[in-house]
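Novice: Here is what each chain is made of, one letter per residue.
2 protein chains.
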Amino acid sequence: MRLHDTPQSGNGYKVRLLLTRLNIPFERVLYDIDKGETRTAEFLARVNPNGRVPVLEIAPDFLLAESNAILWYLAEGTPFLADDRRRRAETLQWLFFEQYSHEPNIATPRYWITHRVLDPLREAQLPGKTEQGYAALGVLERRLEGHPFLVGDRYGIADIALYAYTHVAGEGGFDLGRFPALRRWLARVAAEPRHVVIE
Amino acid sequence: MRLHDTPQSGNGYKVRLLLTRLNIPFERVLYDIDKGETRTAEFLARVNPNGRVPVLEIAPDFLLAESNAILWYLAEGTPFLADDRRRRAETLQWLFFEQYSHEPNIATPRYWITHRVLDPLREAQLPGKTEQGYAALGVLERRLEGHPFLVGDRYGIADIALYAYTHVAGEGGFDLGRFPALRRWLARVAAEPRHVVIE
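As given, the protein sequences belong to chains R and W, one line each in that order.
Going by the numbering used here, the first sequence runs without a break in its numbering and finishes at 199.
Going by the numbering used here, the second sequence runs without a break in its numbering and finishes at 398.
Accuracy of the hints is not assured; some may be wrong.
In silico DSSO-like pairs for lysine-lysine, Cα to Cα no more than 30 Å straight-line [stated by the list, open to error]:
1. R:Lys129 - R:Lys35
2. R:Lys35 - W:Lys328
3. W:Lys328 - R:Lys129
4. W:Lys234 - R:Lys35
5. W:Lys234 - W:Lys328
Covered, in the sense of this in silico footprint (three residues per stretch, anywhere, with C-beta under 8 Å from a C-beta of chain W), are these stretches of chain R [stated by the list, open to error]:
6. 15-25
7. 114-127
8. 163-177
Hints are computed from structural coordinates only; laboratory data are not their basis.
The model shown is predicted, which means the values in this text are computed figures rather than measured ones.
Using N, Cα and C, we set each Cβ at its ideal position, and we do this for glycine too.
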């Protein structure tokens, strides 16, 4: 398999982490998104018409975009995704929460800050995003106060999806000091076998 | 089942449409989000710690949030979700595209405009959201130029999820005139049996 990716992307990291845990070999193809390398006519035609990475090239005619869709595809039938209908629904609930409430408010400020692309309009959006990012972290904290992992007390793709940008939230200006259960969960995830780091 | 919802929500509409097509009776409980009715201590404790609707109350101890997770849960084992692994992955790809690239750029301007909550910061964000919203509509157009529906040439939950805010995109300032394949698809979806309207 070939993973179309960009350095330091949490969305790409999710996929690399699961591929590694599943012992699936893959080749990583890196693009510089600041230079528009995922918006070229060739990329849009062949890799992803939505101009984003990660994209997993599963076969020459089957390229799958959207990091959490890729996690689900890879995890189906493995211990990283439950068989139980309710647990599966709860997993999807966390995956959509991640892309709608967590990623835009935690990953986006991190990107603006670390890539030095803060302009006045983005500066003006930071307080609102920070507030909503802390609210998302609070939702995680509340769940993790009574549970070791996000779904069914067992490590799975919901943990992988939420860990990706939470563990580097500090780079977006977030202080995780007020979330003790969340910090214990971060350590628990990092201590799992075959864990890899973001890069 | 009980659907916790708010008037004119496209996310709630997706669930009502699928429940109706599946002939599943349900009760609709409406909240006024402008008055903060989904942010009360009671709502956060009992319905959704993330303070959002829709939430489907499947059993007294099983409340499921995130519209597209609800669609998946309800559609499993029905003609609205394929059995094939690749088609299922493509369905999820569209569902995550909807929540990440489509909804924030098309539904959010519609909400700001129709609820009359445009402030200067939101006004300043409108051009960027409009540009990204048109890009998302362009991705849909490109797929629909050669296919009657989004996945496997058959109506399913990807169509329901994307139809919800696309068919009312005009209320967010979008002109669908430049997307002929998309407009034919909107008509095709609306002509399906047991179709219901947003309200």
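Novice: Can you name, in rising order, the numbers of the hints this structure does not satisfy?
Specialist: Structure breaks hints 4, 6 and 8.
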